[in-house]
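S.K.: Each protein sequence line maps, in turn, to chains S and X.
Going by my numbering, the first residue of the first sequence is number 50, and it counts up by one from there.
Going by my numbering, the first residue of the second sequence is number 50, and it counts up by one from there.
Treat the hints with care, since some could be wrong.
Identical chains share a label here; the pair holds if one copy fits it or two copies do between them.
Calculated pairs, DMTMM-like style, for lysine to aspartate or glutamate (alpha carbon to alpha carbon, straight line, at most 25 Å) [unchecked claim]:
| hint | residue 1 | residue 2 |
| --- | --- | --- |
| 1 | K335 | E193 |
| 2 | K136 | D317 |
| 3 | K277 | D313 |
| 4 | K306 | D282 |
| 5 | K107 | D317 |
| 6 | K136 | D313 |
| 7 | K336 | D201 |
Derived from the structure by calculation, the hints contain no laboratory data.
There are 2 protein chains.
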Amino acid sequence: MKRREFARWVASWGSAATVLQQAQAHAAEAKPEATKETADAHHQQVLARYAHLMGGPKVTFGLLVYPGMFLQDLVGPLTVFESFMNKEIHLIWKNLEPVGNESPGPQALIPVQPTTTFENCPQTLDVLFVPGGVPGTFSMMADEEVLAFLRDRGAKARYVTSVCTGSLILGAAGLLRGYRATSYWDTRDVLKELGAIPSKKRIVVDRNRITGGGVTAGIDFGLTLAAKLRSPDYAKAIQLYLEYDPQPPYNAGSPEKAPRVVRDFLTDMFAGMRETSFALARQAAKKFQ
Amino acid sequence: MKRREFARWVASWGSAATVLQQAQAHAAEAKPEATKETADAHHQQVLARYAHLMGGPKVTFGLLVYPGMFLQDLVGPLTVFESFMNKEIHLIWKNLEPVGNESPGPQALIPVQPTTTFENCPQTLDVLFVPGGVPGTFSMMADEEVLAFLRDRGAKARYVTSVCTGSLILGAAGLLRGYRATSYWDTRDVLKELGAIPSKKRIVVDRNRITGGGVTAGIDFGLTLAAKLRSPDYAKAIQLYLEYDPQPPYNAGSPEKAPRVVRDFLTDMFAGMRETSFALARQAAKKFQ
Chain S
50 MKRREFARWV ASWGSAATVL QQAQAHAAEA KPEATKETAD AHHQQVLARY
100 AHLMGGPKVT FGLLVYPGMF LQDLVGPLTV FESFMNKEIH LIWKNLEPVG
150 NESPGPQALI PVQPTTTFEN CPQTLDVLFV PGGVPGTFSM MADEEVLAFL
200 RDRGAKARYV TSVCTGSLIL GAAGLLRGYR ATSYWDTRDV LKELGAIPSK
250 KRIVVDRNRI TGGGVTAGID FGLTLAAKLR SPDYAKAIQL YLEYDPQPPY
300 NAGSPEKAPR VVRDFLTDMF AGMRETSFAL ARQAAKKFQ
Chain X
50 MKRREFARWV ASWGSAATVL QQAQAHAAEA KPEATKETAD AHHQQVLARY
100 AHLMGGPKVT FGLLVYPGMF LQDLVGPLTV FESFMNKEIH LIWKNLEPVG
150 NESPGPQALI PVQPTTTFEN CPQTLDVLFV PGGVPGTFSM MADEEVLAFL
200 RDRGAKARYV TSVCTGSLIL GAAGLLRGYR ATSYWDTRDV LKELGAIPSK
250 KRIVVDRNRI TGGGVTAGID FGLTLAAKLR SPDYAKAIQL YLEYDPQPPY
300 NAGSPEKAPR VVRDFLTDMF AGMRETSFAL ARQAAKKFQ
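Could you build the full structure based on these sequences and the hints that come with them?
M.R.: Structural data, given as structure tokens:
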């Protein structure tokens, strides 16, 4: 394979769907006796053989991106969504300026370029998703333009979803009233102020609302959603694709499991944010009818 | 808090260290009777109280970024590294052009801007980290400029680390000869060609080499490293901060655990890539002394 061809091959790398095609083509090129056509034919054969696992109608994902979001909140679910075959993914913001480059954090090192605007975003999304963050989340909870957009697309979406403090934004838009939901462990009870019923579960499914716990819950959330959109086997294929066989070196991922000193440290650290999120939730709830 | 002040606050949001400071300042501004000075003083008090948990010398992280890497491979560890107080993080590439925007994948939706070049990267890194990917990884395995850089900084780094197929790049640079190491489940045995001793463990620590399994192993890897760089309690604080209490909806994250049809599907899908990675590993090993 020549350098330029390799570059083109790299360029065309995408979801699991194209991996096979490209890998086969690459293998074919490495062996002169095989041809690209053979590789393509093999690709079609493999896909046909597994059609019951991998087939399904197109899924349209719409992910809100915003200044101050937490990058892992976005990238966890996005990694699962990107593993879908036959999908369309939109990163949505007010305009097409990169977001997230406000600070010396992961969200600053890696700014995110929206792919569409509130105005141009498809009217009907299969999945509307909102990542969490601090303090960007607070800003969103009080941003009428954002809340109006979420209210509009949320009313029409097949699934209305979030990870971490993203549920506070959904809640501020009135989208969680009467629904069981979860949030980051330290802001879970803020959901009450927004008319939701807080749950301690890592992933909470109530009708078409699916909310996940803090940050890393995005992968568990993504797989839960994948099973609903396609099938449990499909979700398992993505799980193996991402080698998601978690083995944390410690057992401290929830306030109940963490050592007291660790929990106290973070609770002290987040005291001001907690207070602010309660205040913003009460403010948002005042506008509910 | 006025809009511009809030924007500045958002702008200054960074690691866990600044969260407390900013959150306290925000809370203080919300209560006119409190002052920013009070908030700062409280911040110092909390930090002093937890100095045994959160203190430590500066850690310098250097993460190779490259076209065709897998975004989650980078963002998982980066999210852990960013949670450190007193750290410096470099995203390293040949030049400062954004990488990863080659294709319709997560790595295309979210290109990554290097922060330094091979030339300007600090000589001594506490942590040298290489993410995985396909087919970008193949390209790196055969790129002498990249391998020479890794060899140079790898010889001086306190820890030489990778996630997923990143270990194939470390291996191609000769950095895993005689070391136990792991890789993506489907390319683990390729490590043998590179003089390493493949292991099935999710995180493999052998002297100062730490390698993680596929994609999502990056979070387990990050926490393992955090405990070494600071302390187990420090790692637990980051674990709770990221609410890393994984609860996958299925138990299919390794080839042994996944249903046979799922494993067969992915094995078929990756057949060409596997073949290519073996060929590239053999080619790289020929250059070892």
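S.K.: My question is about K336 and D201: at a cut-off of 25 Å on alpha-carbon distance, are they close within one copy, between copies, both, or neither?
M.R.: Answer is within; shortest intra-copy Cα gap is 16 Å, inter-copy 60 Å.
S.K.: At 25 Å max between alpha carbons, let me know whether K136 reaches D317 within a copy, between copies, both or neither.
M.R.: between (43 Å within a copy, 22 Å between copies)
S.K.: How do K277 and D313 come out at 25 Å by Cα distance, when the copy is not named: within, between, both, or neither?
M.R.: Between copies, since 22 Å is at most 25 Å while 37 Å is not.
S.K.: From the Cα coordinates, with 25 Å as the cut-off, is the pair K306 and D282 best called within, between, both, or neither?
M.R.: between (31 Å within a copy, 13 Å between copies)
S.K.: At most 25 Å between CA atoms: does that hold for K136 and D313 within a copy, between copies, both, or neither?
M.R.: For K136 and D313, only the inter-copy Cα distance (23 Å) is at most 25 Å; the intra-copy one is 43 Å.
S.K.: Within a copy, between copies, both or neither: which one fits K335 and E193 at a CA-CA cutoff of 25 Å?
M.R.: within (13 Å within a copy, 62 Å between copies)
S.K.: Is the C-alpha distance from K107 to D317 at most 25 Å within one copy, between copies, in both cases, or in neither?
M.R.: Classified as between; 23 Å across copies, 46 Å inside a copy.
No hint from the list above goes unmet by this structure.
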